[in-house]
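Engineer: Since the structure of chain A is provided, determine the placement of chain B on it from the hints.
Residue numbers (this note's numbering), protein chains in the order written: chain A, 14 to 562; chain B, 14 to 562.
Watch out, some of these pointers could steer you wrong.
Heads up, the list lumps identical chains together, so a pair's fine if it works in one copy or across two of them.
Taking lysine-lysine and the DSBU-like style, the derived pairs with C-alpha atoms no more than 35 angstroms apart in a straight line are [said to hold, decoys possible]:
{"no.": "1", "residue 1": "297", "residue 2": "450"}
{"no.": "2", "residue 1": "48", "residue 2": "323"}
{"no.": "3", "residue 1": "297", "residue 2": "515"}
{"no.": "4", "residue 1": "30", "residue 2": "446"}
{"no.": "5", "residue 1": "450", "residue 2": "30"}
{"no.": "6", "residue 1": "48", "residue 2": "450"}
{"no.": "7", "residue 1": "323", "residue 2": "30"}
{"no.": "8", "residue 1": "142", "residue 2": "495"}
{"no.": "9", "residue 1": "297", "residue 2": "148"}
{"no.": "10", "residue 1": "323", "residue 2": "142"}
{"no.": "11", "residue 1": "142", "residue 2": "297"}
{"no.": "12", "residue 1": "495", "residue 2": "426"}
These are computed hints drawn from the structure, not numbers from a lab.
There are 2 protein chains.
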Amino acid sequence: MDGLNMDYQLTLPAILKRAELLFGHKAIVSRLPDKSIQRYRYSDMAVRAKRLAVALKDLGVRPGDRVATLAWNHHQHLEAYFAIPAIGAVLHTMNLRFGHDDLAYAANDAEDRLLLVDASLLPLFEQLKSRVDFKHVIVMAGGDDVRPGFLGYEQLLASADEAGFQYQDIEEHQAAAMCYTSGTTGRPKGAVYSHRAMALHAMACAMAGSLAISESDTVLSAVPMFHINAWDLPFTAALAGANQVFPGSHLDPVSLLELLSTSRVTLTAGVPTVWLGVLQVLDKNPGVYDLSNLRAIVAGGSAAPLAMIKAFQERHGLRVVHAWGMTETTSITTLCNLPSDFRDAPVEDQYDYRAKQGTPLPFIEIRARGEAGLVPWDGQSMGELEVRGPWVVSRYHNAPPTDDRFTGDGWLKTGDIVTISARGCVNLCDRTKDLVKSGGEWISSVALENALMAHPAVAEAAVVAVPHPKWGERPFAAVVLKPDQIATEEELRRHLEPSFPKWWLPDAIEFIDEIPRTSAGKFRKSTLRERFHEYYVNAQPTVRTLLDV
Amino acid sequence: MDGLNMDYQLTLPAILKRAELLFGHKAIVSRLPDKSIQRYRYSDMAVRAKRLAVALKDLGVRPGDRVATLAWNHHQHLEAYFAIPAIGAVLHTMNLRFGHDDLAYAANDAEDRLLLVDASLLPLFEQLKSRVDFKHVIVMAGGDDVRPGFLGYEQLLASADEAGFQYQDIEEHQAAAMCYTSGTTGRPKGAVYSHRAMALHAMACAMAGSLAISESDTVLSAVPMFHINAWDLPFTAALAGANQVFPGSHLDPVSLLELLSTSRVTLTAGVPTVWLGVLQVLDKNPGVYDLSNLRAIVAGGSAAPLAMIKAFQERHGLRVVHAWGMTETTSITTLCNLPSDFRDAPVEDQYDYRAKQGTPLPFIEIRARGEAGLVPWDGQSMGELEVRGPWVVSRYHNAPPTDDRFTGDGWLKTGDIVTISARGCVNLCDRTKDLVKSGGEWISSVALENALMAHPAVAEAAVVAVPHPKWGERPFAAVVLKPDQIATEEELRRHLEPSFPKWWLPDAIEFIDEIPRTSAGKFRKSTLRERFHEYYVNAQPTVRTLLDV
Numbered sequence: 014m015d016g017l018n019m020d021y022q023l024t025l026p027a028i029l030k031r032a033e034l035l036f037g038h039k040a041i042v043s044r045l046p047d048k049s050i051q052r053y054r055y056s057d058m059a060v061r062a063k064r065l066a067v068a069l070k071d072l073g074v075r076p077g078d079r080v081a082t083l084a085w086n087h088h089q090h091l092e093a094y095f096a097i098p099a100i101g102a103v104l105h106t107m108n109l110r111f112g113h114d115d116l117a118y119a120a121n122d123a124e125d126r127l128l129l130v131d132a133s134l135l136p137l138f139e140q141l142k143s144r145v146d147f148k149h150v151i152v153m154a155g156g157d158d159v160r161p162g163f164l165g166y167e168q169l170l171a172s173a174d175e176a177g178f179q180y181q182d183i184e185e186h187q188a189a190a191m192c193y194t195s196g197t198t199g200r201p202k203g204a205v206y207s208h209r210a211m212a213l214h215a216m217a218c219a220m221a222g223s224l225a226i227s228e229s230d231t232v233l234s235a236v237p238m239f240h241i242n243a244w245d246l247p248f249t250a251a252l253a254g255a256n257q258v259f260p261g262s263h264l265d266p267v268s269l270l271e272l273l274s275t276s277r278v279t280l281t282a283g284v285p286t287v288w289l290g291v292l293q294v295l296d297k298n299p300g301v302y303d304l305s306n307l308r309a310i311v312a313g314g315s316a317a318p319l320a321m322i323k324a325f326q327e328r329h330g331l332r333v334v335h336a337w338g339m340t341e342t343t344s345i346t347t348l349c350n351l352p353s354d355f356r357d358a359p360v361e362d363q364y365d366y367r368a369k370q371g372t373p374l375p376f377i378e379i380r381a382r383g384e385a386g387l388v389p390w391d392g393q394s395m396g397e398l399e400v401r402g403p404w405v406v407s408r409y410h411n412a413p414p415t416d417d418r419f420t421g422d423g424w425l426k427t428g429d430i431v432t433i434s435a436r437g438c439v440n441l442c443d444r445t446k447d448l449v450k451s452g453g454e455w456i457s458s459v460a461l462e463n464a465l466m467a468h469p470a471v472a473e474a475a476v477v478a479v480p481h482p483k484w485g486e487r488p489f490a491a492v493v494l495k496p497d498q499i500a501t502e503e504e505l506r507r508h509l510e511p512s513f514p515k516w517w518l519p520d521a522i523e524f525i526d527e528i529p530r531t532s533a534g535k536f537r538k539s540t541l542r543e544r545f546h547e548y549y550v551n552a553q554p555t556v557r558t559l560l561d562v
Numbered sequence: 014m015d016g017l018n019m020d021y022q023l024t025l026p027a028i029l030k031r032a033e034l035l036f037g038h039k040a041i042v043s044r045l046p047d048k049s050i051q052r053y054r055y056s057d058m059a060v061r062a063k064r065l066a067v068a069l070k071d072l073g074v075r076p077g078d079r080v081a082t083l084a085w086n087h088h089q090h091l092e093a094y095f096a097i098p099a100i101g102a103v104l105h106t107m108n109l110r111f112g113h114d115d116l117a118y119a120a121n122d123a124e125d126r127l128l129l130v131d132a133s134l135l136p137l138f139e140q141l142k143s144r145v146d147f148k149h150v151i152v153m154a155g156g157d158d159v160r161p162g163f164l165g166y167e168q169l170l171a172s173a174d175e176a177g178f179q180y181q182d183i184e185e186h187q188a189a190a191m192c193y194t195s196g197t198t199g200r201p202k203g204a205v206y207s208h209r210a211m212a213l214h215a216m217a218c219a220m221a222g223s224l225a226i227s228e229s230d231t232v233l234s235a236v237p238m239f240h241i242n243a244w245d246l247p248f249t250a251a252l253a254g255a256n257q258v259f260p261g262s263h264l265d266p267v268s269l270l271e272l273l274s275t276s277r278v279t280l281t282a283g284v285p286t287v288w289l290g291v292l293q294v295l296d297k298n299p300g301v302y303d304l305s306n307l308r309a310i311v312a313g314g315s316a317a318p319l320a321m322i323k324a325f326q327e328r329h330g331l332r333v334v335h336a337w338g339m340t341e342t343t344s345i346t347t348l349c350n351l352p353s354d355f356r357d358a359p360v361e362d363q364y365d366y367r368a369k370q371g372t373p374l375p376f377i378e379i380r381a382r383g384e385a386g387l388v389p390w391d392g393q394s395m396g397e398l399e400v401r402g403p404w405v406v407s408r409y410h411n412a413p414p415t416d417d418r419f420t421g422d423g424w425l426k427t428g429d430i431v432t433i434s435a436r437g438c439v440n441l442c443d444r445t446k447d448l449v450k451s452g453g454e455w456i457s458s459v460a461l462e463n464a465l466m467a468h469p470a471v472a473e474a475a476v477v478a479v480p481h482p483k484w485g486e487r488p489f490a491a492v493v494l495k496p497d498q499i500a501t502e503e504e505l506r507r508h509l510e511p512s513f514p515k516w517w518l519p520d521a522i523e524f525i526d527e528i529p530r531t532s533a534g535k536f537r538k539s540t541l542r543e544r545f546h547e548y549y550v551n552a553q554p555t556v557r558t559l560l561d562v
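Just chain A, with the same shape it has in the complex:
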């Protein structure tokens, strides 16, 4: 027996229509390339998005066609966010931090027909040009004098009539957008998001128990719009009727702080490295920035250091909220809000909780799998996080679901090693590839690194698994000391001893000058693993593991 409710589809154009009808008066603020501020209203945005939709149709874009963007965070990009899915086409936000090979690969794999590109990013486009096949390239933001071979975004809008736009019937399972994973190994892989997935994600993020975004908010995403659709915040904000602020390409701490302050932002989001930079500027300039409206700094992409969460709270009265998600989960999947019964808990317990990645959003299910099967939710047992839910992908574009990323019963293997508490709070311990598997037991490289970095002489530390003839793998630590600081291997090992079981301690600690990094600023552990791959094998006669003692 079926329910008799209407078969109303959850789509992104339904969000545009809502924003236009109910929140036409709310503000959208963008920072332009010259740092000047552009202001308009949702009603203006809707008119321009409709014009863009009409213009794209006139250029031959058909339902299902992919339209690429290569752009920073601004109002024109927002217009494209709504216009492209509104005509049934698919928004492919190209990640400008990819290498040229990967960018070209992604554009070809997605079969992008059209590109909307920031004028400032034309040099990047020029380097791809010979390897991609866009029917048209439309230049956004500052493209007033458009070179031959390109179309001007503003000219295109000026020539289109929004009256020619009609909301059309779109099925919610149709594709609305796609993003490619950065692919540290192999080629980038395309995650294709349905209207339904993005609409439900927006609803979930607006819930009071998650990000609680409402009409009274002003949202600034410091997550680039080319990175998982800025965590879908532009759609969540539009659904809720919140003001939106776009920082353009000006993502440096001072520019962000200026905008957070002058635009009275209430909620912002970004990766921890951005907030670490912001924290340093705040610390050095007490009282300069009025952030009294800012109720939440959402941090995701990698684990935010506890010290940073504390520093924002204690020195600046600002609340950092941990989020977890990945390209394969459309965006946010777990979120760490302090449960109500923690409010009277000792402050250190509160911080312990807030340093975790939190509980799943509604209709998201989680579990963790160790080598012997699913692990209990005890906050201790480590396993690879598996998730499922309406905004988790079931496979990649142009590829069948493979065993390495999807379970037989249809859950996504996230590649993150976690513990899960009795109440479903996820704590990120490691990436699967960084985990140390010693004698059948798992050791968290992240936990050891954090402990090493808490030593006053240590600037940075990376722990990797190194093959060991007896234990399979053993932890190995590479440490960078602070300038003018000295510490011995023994001293660091004694520093770790109180916090870990003996068999967790690194067998060797090497002092190096610098830890290799990825373009996104994360430790490139693969390089360390290669460099020290033979360490325990070669040194075997002299190095005994701690377990041999």
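Structural biologist: Just chain B, lined up with the frame of chain A:
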């Protein structure tokens, strides 16, 4: 091109699973028939709901079967709310305020196989018994000594093993629940709700811009669980992880106030007549009830008088939030939260806004149709409210969609006459059947009644349309004066004059002893219409309408 997200279904058992896994420690408090308090946790509720599910399956309940309940608001009813849909069956909450004929009709129209009934409501069941055909009748709440021919709820649960329960695959479009409209004319009509409709409604109500229900809330529904599933609040609360408080059958103001206070309720909901009673008790007992945790009193079902909204706010610091919905919309459809730019507005402007029914929830669309087609959103033009969205029904059970309730393009005709403001705020003016259509123009009976009731001598006033030979219909007012108060027809007309166009004023005002009411306490205007039907025709030689002047 389709999105590649998982085909994860939005269902009520997914909410049960979430509540069990993440919020097992949260509290569910019930008032029993003897007024004692029963307390347990979501984890206990989940175990018992699973046992009930197993027991119902053992009794032969199959997917799609309808299972009726005839019960007040308590934990056992909550268990049934989750258990019945969890096995793919359909929860039919029978409205015990229906007449016997309508109750029997509804049970037969739904083809209910089983009944769960409160022991205290067995006398009601006895009166229906000969006209209905339940395979089994299970006695809940106080059914310790179960009479022959009945099954005991607690005995049934004691004999079932929750380990036999497995979450099964349910498609979200399947029916989860059904309710019958009260049907003032004709037979009751069944609205059948899908899992999807109820799940999306729960998400929408938990959004920060709507009821903002989160884990830190404690929710008490003073809406009976037999009335549109207590506005689905039990599902919203479970999805959000809020504590829940159930008042049993004790819906009198003093009992409610005790429970609101002792259970530290943060959000409660009910019809305006309940809150009028509560207001009177509060006014008479200042400082007796600690309602400092109560952040919202949601009022719906009929328009809450502005005077009541003001009185709660000004005398008790309590916020009344207007909601609108009907059986045909699964539950809440519009909600009136003050927009952020009203916060600095004059307090009277705030109240004017708060007296309206508010803006549509996400993915709900509204429009209003007058006699010449859709009316503009100008806050002035009246039209019948039409709605569509994922939790609006498209037809009734066992009936095709009919022109009187559904438009050709698939919107529900609500039967409510409204204006819609430029920002989409709905203001309820009348029911279509109560509207006065004078010389081709519409007059709101509700507006005239509210103005009359604001006169110090008037206790109650009802305005109805009475046939008129020249104007088609003209307004007619029936007024009940307060004891020991006197007012003349001329005096009341002068009282109205400043607020309305001349042609809106009632041609006649009759003083009567009492306004007839329905069992739900609303004015029964049909009786007045019948009684005064010939008034203007018979009186024609002497009564001139104001328009003739």
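Engineer: For each hint, tell me whether it holds in the structure or not.
Structural biologist: A quick look at each hint next to the structure:
no.: 1; hint: 297 to 450; in the structure: neither (42 angstroms within a copy, 70 angstroms between copies)
no.: 2; hint: 48 to 323; in the structure: within (32 angstroms within a copy, 47 angstroms between copies)
no.: 3; hint: 297 to 515; in the structure: neither (40 angstroms within a copy, 69 angstroms between copies)
no.: 4; hint: 30 to 446; in the structure: between (44 angstroms within a copy, 31 angstroms between copies)
no.: 5; hint: 450 to 30; in the structure: between (52 angstroms within a copy, 33 angstroms between copies)
no.: 6; hint: 48 to 450; in the structure: neither (50 angstroms within a copy, 59 angstroms between copies)
no.: 7; hint: 323 to 30; in the structure: between (41 angstroms within a copy, 34 angstroms between copies)
no.: 8; hint: 142 to 495; in the structure: neither (44 angstroms within a copy, 84 angstroms between copies)
no.: 9; hint: 297 to 148; in the structure: neither (50 angstroms within a copy, 76 angstroms between copies)
no.: 10; hint: 323 to 142; in the structure: neither (46 angstroms within a copy, 66 angstroms between copies)
no.: 11; hint: 142 to 297; in the structure: neither (44 angstroms within a copy, 79 angstroms between copies)
no.: 12; hint: 495 to 426; in the structure: neither (38 angstroms within a copy, 71 angstroms between copies)
The structure does not agree with the numbered hints 1, 3, 6, 8, 9, 10, 11, 12 stated previously, though it agrees with the rest.
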